[in-house]
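Participant: Spelled out from the first residue to the last, the chains are:
2 protein chains.
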Amino acid sequence: MTLRLYNSFSSQKEDFKPLQDNHVGIYVCGITAYDDCHLGHARAAVVFDVIIRYLRHRGFEVTHVQNITDIDDKIINRAREKGVSCKELSEHYTGEFHRDMESLGVARPDVEPRATGHIQNIIRLIETLVSKGYAYAAEGNVFFSVEKFPAYGRLSHRSPEEMQAGARVKIDPQKHHPMDFALWKAGKPGEPAWESPWGPGRPGWHIECSAMSIRYLGETFDIHGGGQDLIFPHHENEIAQSVAATGKPFVRYFVHNGFVTINGEKMSKSLGNFLTIKEILFGYHPEALRLFLLSKHYRSPLDYSEDLIREKQVSLDRIYATLGEALEITAAPPGKRPGASATGVSLPPEAEAACARIKDLKKLFYQAMDDDFNTAQALGHVFDALKGINTLLQISKMEPARACLDAIGSGVSAIREVGQVLGLFATEPGVYLQKRRTEKLRKIPLPEKEISDLIRQREEARIKKDWAAADAIRKKLAGANIILKDSPQGTTWEIKE
Amino acid sequence: MTLRLYNSFSSQKEDFKPLQDNHVGIYVCGITAYDDCHLGHARAAVVFDVIIRYLRHRGFEVTHVQNITDIDDKIINRAREKGVSCKELSEHYTGEFHRDMESLGVARPDVEPRATGHIQNIIRLIETLVSKGYAYAAEGNVFFSVEKFPAYGRLSHRSPEEMQAGARVKIDPQKHHPMDFALWKAGKPGEPAWESPWGPGRPGWHIECSAMSIRYLGETFDIHGGGQDLIFPHHENEIAQSVAATGKPFVRYFVHNGFVTINGEKMSKSLGNFLTIKEILFGYHPEALRLFLLSKHYRSPLDYSEDLIREKQVSLDRIYATLGEALEITAAPPGKRPGASATGVSLPPEAEAACARIKDLKKLFYQAMDDDFNTAQALGHVFDALKGINTLLQISKMEPARACLDAIGSGVSAIREVGQVLGLFATEPGVYLQKRRTEKLRKIPLPEKEISDLIRQREEARIKKDWAAADAIRKKLAGANIILKDSPQGTTWEIKE
Numbered sequence: 140m141t142l143r144l145y146n147s148f149s150s151q152k153e154d155f156k157p158l159q160d161n162h163v164g165i166y167v168c169g170i171t172a173y174d175d176c177h178l179g180h181a182r183a184a185v186v187f188d189v190i191i192r193y194l195r196h197r198g199f200e201v202t203h204v205q206n207i208t209d210i211d212d213k214i215i216n217r218a219r220e221k222g223v224s225c226k227e228l229s230e231h232y233t234g235e236f237h238r239d240m241e242s243l244g245v246a247r248p249d250v251e252p253r254a255t256g257h258i259q260n261i262i263r264l265i266e267t268l269v270s271k272g273y274a275y276a277a278e279g280n281v282f283f284s285v286e287k288f289p290a291y292g293r294l295s296h297r298s299p300e301e302m303q304a305g306a307r308v309k310i311d312p313q314k315h316h317p318m319d320f321a322l323w324k325a326g327k328p329g330e331p332a333w334e335s336p337w338g339p340g341r342p343g344w345h346i347e348c349s350a351m352s353i354r355y356l357g358e359t360f361d362i363h364g365g366g367q368d369l370i371f372p373h374h375e376n377e378i379a380q381s382v383a384a385t386g387k388p389f390v391r392y393f394v395h396n397g398f399v400t401i402n403g404e405k406m407s408k409s410l411g412n413f414l415t416i417k418e419i420l421f422g423y424h425p426e427a428l429r430l431f432l433l434s435k436h437y438r439s440p441l442d443y444s445e446d447l448i449r450e451k452q453v454s455l456d457r458i459y460a461t462l463g464e465a466l467e468i469t470a471a472p473p474g475k476r477p478g479a480s481a482t483g484v485s486l487p488p489e490a491e492a493a494c495a496r497i498k499d500l501k502k503l504f505y506q507a508m509d510d511d512f513n514t515a516q517a518l519g520h521v522f523d524a525l526k527g528i529n530t531l532l533q534i535s536k537m538e539p540a541r542a543c544l545d546a547i548g549s550g551v552s553a554i555r556e557v558g559q560v561l562g563l564f565a566t567e568p569g570v571y572l573q574k575r576r577t578e579k580l581r582k583i584p585l586p587e588k589e590i591s592d593l594i595r596q597r598e599e600a601r602i603k604k605d606w607a608a609a610d611a612i613r614k615k616l617a618g619a620n621i622i623l624k625d626s627p628q629g630t631t632w633e634i635k636e
Numbered sequence: 140m141t142l143r144l145y146n147s148f149s150s151q152k153e154d155f156k157p158l159q160d161n162h163v164g165i166y167v168c169g170i171t172a173y174d175d176c177h178l179g180h181a182r183a184a185v186v187f188d189v190i191i192r193y194l195r196h197r198g199f200e201v202t203h204v205q206n207i208t209d210i211d212d213k214i215i216n217r218a219r220e221k222g223v224s225c226k227e228l229s230e231h232y233t234g235e236f237h238r239d240m241e242s243l244g245v246a247r248p249d250v251e252p253r254a255t256g257h258i259q260n261i262i263r264l265i266e267t268l269v270s271k272g273y274a275y276a277a278e279g280n281v282f283f284s285v286e287k288f289p290a291y292g293r294l295s296h297r298s299p300e301e302m303q304a305g306a307r308v309k310i311d312p313q314k315h316h317p318m319d320f321a322l323w324k325a326g327k328p329g330e331p332a333w334e335s336p337w338g339p340g341r342p343g344w345h346i347e348c349s350a351m352s353i354r355y356l357g358e359t360f361d362i363h364g365g366g367q368d369l370i371f372p373h374h375e376n377e378i379a380q381s382v383a384a385t386g387k388p389f390v391r392y393f394v395h396n397g398f399v400t401i402n403g404e405k406m407s408k409s410l411g412n413f414l415t416i417k418e419i420l421f422g423y424h425p426e427a428l429r430l431f432l433l434s435k436h437y438r439s440p441l442d443y444s445e446d447l448i449r450e451k452q453v454s455l456d457r458i459y460a461t462l463g464e465a466l467e468i469t470a471a472p473p474g475k476r477p478g479a480s481a482t483g484v485s486l487p488p489e490a491e492a493a494c495a496r497i498k499d500l501k502k503l504f505y506q507a508m509d510d511d512f513n514t515a516q517a518l519g520h521v522f523d524a525l526k527g528i529n530t531l532l533q534i535s536k537m538e539p540a541r542a543c544l545d546a547i548g549s550g551v552s553a554i555r556e557v558g559q560v561l562g563l564f565a566t567e568p569g570v571y572l573q574k575r576r577t578e579k580l581r582k583i584p585l586p587e588k589e590i591s592d593l594i595r596q597r598e599e600a601r602i603k604k605d606w607a608a609a610d611a612i613r614k615k616l617a618g619a620n621i622i623l624k625d626s627p628q629g630t631t632w633e634i635k636e
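Order-wise, the sequence lines are chains A and B.
If you're matching positions, the first sequence starts at 140 in my numbering and goes up one per residue.
If you're matching positions, the second sequence starts at 140 in my numbering and goes up one per residue.
Please note that a few of the clues may not be correct.
Said to hold, decoys possible - The calculated lysine-lysine pairs, modelled on DSS-like cross-linking and capped at a C-alpha distance of 25 Å, are:
(1) B:405 to B:435
(2) A:614 to A:579
(3) A:603 to A:588
(4) B:226 to B:271
(5) A:579 to A:156
(6) B:615 to B:635
(7) B:624 to B:582
(8) A:574 to B:417
(9) B:536 to A:226
(10) A:226 to A:501
(11) A:579 to A:604
(12) B:624 to B:574
(13) B:226 to A:502
(14) A:501 to B:226
(15) A:417 to B:574
(16) B:152 to B:501
(17) A:226 to B:501
(18) B:327 to B:226
To be verified - Computed spacing ranges between beta-carbons, pair by pair:
(19) B:196 to A:386: 36 to 42 Å
(20) A:570 to B:222: 50 to 56 Å
(21) A:411 to B:153: 35 to 41 Å
Please keep in mind that the hints were generated in silico from the structure rather than gathered at the bench.
As the structure is a prediction and not an experimental result, all values here were calculated from the model.
Cβ atoms here follow ideal geometry from the backbone N, Cα and C, with glycine treated the same way.
From just these sequences and the hints, can you work out the full model?
Facilitator: Set out below in structure tokens:
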């Protein structure tokens, strides 16, 4: 099987072949460390986390480089507002970003370079661009001259006119052309500045990614990733800088993830339509957020709503409940296993279909992921296998057979294996379910002891055939979101979602 | 001022001059991810964290590379014992390591390469060594031939005989010389293996550090760090591999931290003389551990005991108490500041000495750190400045003067600035003190309300001149580790350390 991925540069799916043996160099644009990370950051992080996990799972040796922009207009302005230094501000938000990624189960990059740690690399790259005639200095600034680079606009598939419209360029008398962009910015009083051949100043935003990707992955590398919003101007500028400086192709595959909207609208702080990762994880399990983020193909737009994330949380709870039940039944000592002694029992026809679903999971999962990392389809196959396991669990309770148990066991293994690629189902089901139970208990107004007391009173009322009293207790509990389930073994209770 | 550091290679202190401009490339040997990190790991981590922070503070642009060994005999054996895959085991302990470092406030390396992510680099380096005649294959293994590298032993200053004695070498018929070491190990059944020109196998331990340091820092780089125990054979082997392959010098400065002992004896799991980072941080604040680890010069041996760490905890509490008091007094609105209106008041002579102590802190701190990162001396200067602040705080209470407040304020700033280099005093004093109070309260047998009730009862007894009753209450509280402090403003209480 060949892995195919959509290359934004060619606007089509292409066979993936790394430049060198089975090694893959991937650069993903990281954060500008000036504020808490939001849902959009979470999507990009989880999408590229899964892409990289899948490449590794498929046997590629991946070097993942992801930068931290720790000097930038946004940082300077925010630091000034808060009355702290740029360094303090960027270090604080880098730490918060790390904690968010840890919560989300996103693996660390192999290389996490910070812009301020690579000023020398950046200056040398700008010097090359100036000496080759692609860049010019003006009053302590250095600009890239887009007219000197005819391929400018090839990634974003835009004409110069469209680009100008899109970029809302202010006319700057220092620039030769309105689309020219800053490689180096002259220092202003009170701003951090480094010595350079053009006087004290600081790097523009785009140049750091060229300098740091070349340094750690070489002049030409395999994959460059980031959100769709980075195609223009950021990645367009990176290509111009890098190709102009090295004379070599820059990136072989550009991979971009789609936008996130909230309740059908663009995320916007000023409209109050905005969610940080921390806000979401306050109410939901990190894997519920991952499940949500992976439920659509990474290039499609993704709409977030409370209803959708709640649905994913319920779905995750069910998955863990199934895995927990499956593990319990397959881990039971042979004597206590249902069906352990019932070899040769003929299985109902639905069992065969269930076994087939389970058996095909890994093959189908690879097919889906090989097709441009189609996690939506891959998750569909996971749910099919879970349905199969549930069917077999039901059958095992009624008509036990070793074949069922074996299929359940291999289903659980397969789900956990593909779960490693998706960053899902990583917790022991028992631990997960206990934690969720505790969380839910915290939300109901009755202590557990009172619930069991009420259930006992209801039991007594029912024995005395005092149906009114029994029903009153049921209603009281329902009012506290406690749902009773009567069975021949007794009454159990659940918390209503 | 010139930064001087002790180079294990030359066995003397040398002026530090980076290879290229003000950029410093530093490679520090990381963990083998097969178990929880212990006190020895904490020392190396904190020592190099402070060295790197200081280099950055001094304006160097530092690239810090630190590897994770995620394939190794120890990992294979432990994974087998635990019945998990090597990947699961190493990922688990890598995660635990990351959490320990986060707790200790150790900054992340810029590049954190894992061995299994660089098998191609490793294979190419071994191929070079084989083709240059420095290495030979034998039944799927590849060994480095130490006889071909006459400089072998130069770092550890050992003769071949001493090395052989130190290494307790088993005689291996495949080796040309007993000191030859494995670059590539033939795969055994059930062990992870990668394809190679010598058949399936896995890299030896030493070669990964040569391959990954060359890849990320170049063939020659500035500083290589690690614990003393790595000098031989690990760093000796790294030098041999790298110099033989590239024909260039490998590392300009080798920096090694000293051993840690516990109660005067070698740490050893089998003797029960062993502490993990988590165990220590269960009882003490991470900064107390940093304070302990930095209290001796990094090259000296360091002995750990409960008494010593408790002492550092008490010392840290006092520092925060001083900082808190100082911040409170300097942050008070001008009208409420003692001495705000008392300009021109002549200060007692001890105030001048105190001001001088504070004024010199930064200069003395840089002097100490420039002298081979002498954190012990640097901390001495911090304590001197704190003494100065305490003196001025006392004076401010009695004979207020604006000069005192200014000196206190600049003392706090200087201590916080040098604290950033040492990774100390990073918490707001109010937050720190509140947290410590809560922790201590958890350890005393009386609830806070009962303590204040008892203090009120004692007050009443004293008013009635019932000294026996008052004293009984004092004794009762002392029995619960509550110490009373009577002052004209009333009675306060403290928890005895």
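Participant: Are the hints correct? Go through all of them and say.
Facilitator: Here is how each hint holds up against the structure:
no.: 1; hint: B:405 to B:435; verdict: holds, 17 Å
no.: 2; hint: A:614 to A:579; verdict: holds, 19 Å
no.: 3; hint: A:603 to A:588; verdict: holds, 23 Å
no.: 4; hint: B:226 to B:271; verdict: violated, 34 Å
no.: 5; hint: A:579 to A:156; verdict: violated, 48 Å
no.: 6; hint: B:615 to B:635; verdict: holds, 14 Å
no.: 7; hint: B:624 to B:582; verdict: holds, 20 Å
no.: 8; hint: A:574 to B:417; verdict: holds, 23 Å
no.: 9; hint: B:536 to A:226; verdict: violated, 36 Å
no.: 10; hint: A:226 to A:501; verdict: violated, 47 Å
no.: 11; hint: A:579 to A:604; verdict: violated, 32 Å
no.: 12; hint: B:624 to B:574; verdict: holds, 22 Å
no.: 13; hint: B:226 to A:502; verdict: holds, 22 Å
no.: 14; hint: A:501 to B:226; verdict: holds, 19 Å
no.: 15; hint: A:417 to B:574; verdict: holds, 23 Å
no.: 16; hint: B:152 to B:501; verdict: holds, 23 Å
no.: 17; hint: A:226 to B:501; verdict: holds, 20 Å
no.: 18; hint: B:327 to B:226; verdict: holds, 17 Å
no.: 19; hint: B:196 to A:386: 36 to 42 Å; verdict: holds, 38 Å
no.: 20; hint: A:570 to B:222: 50 to 56 Å; verdict: violated, 18 Å
no.: 21; hint: A:411 to B:153: 35 to 41 Å; verdict: violated, 60 Å
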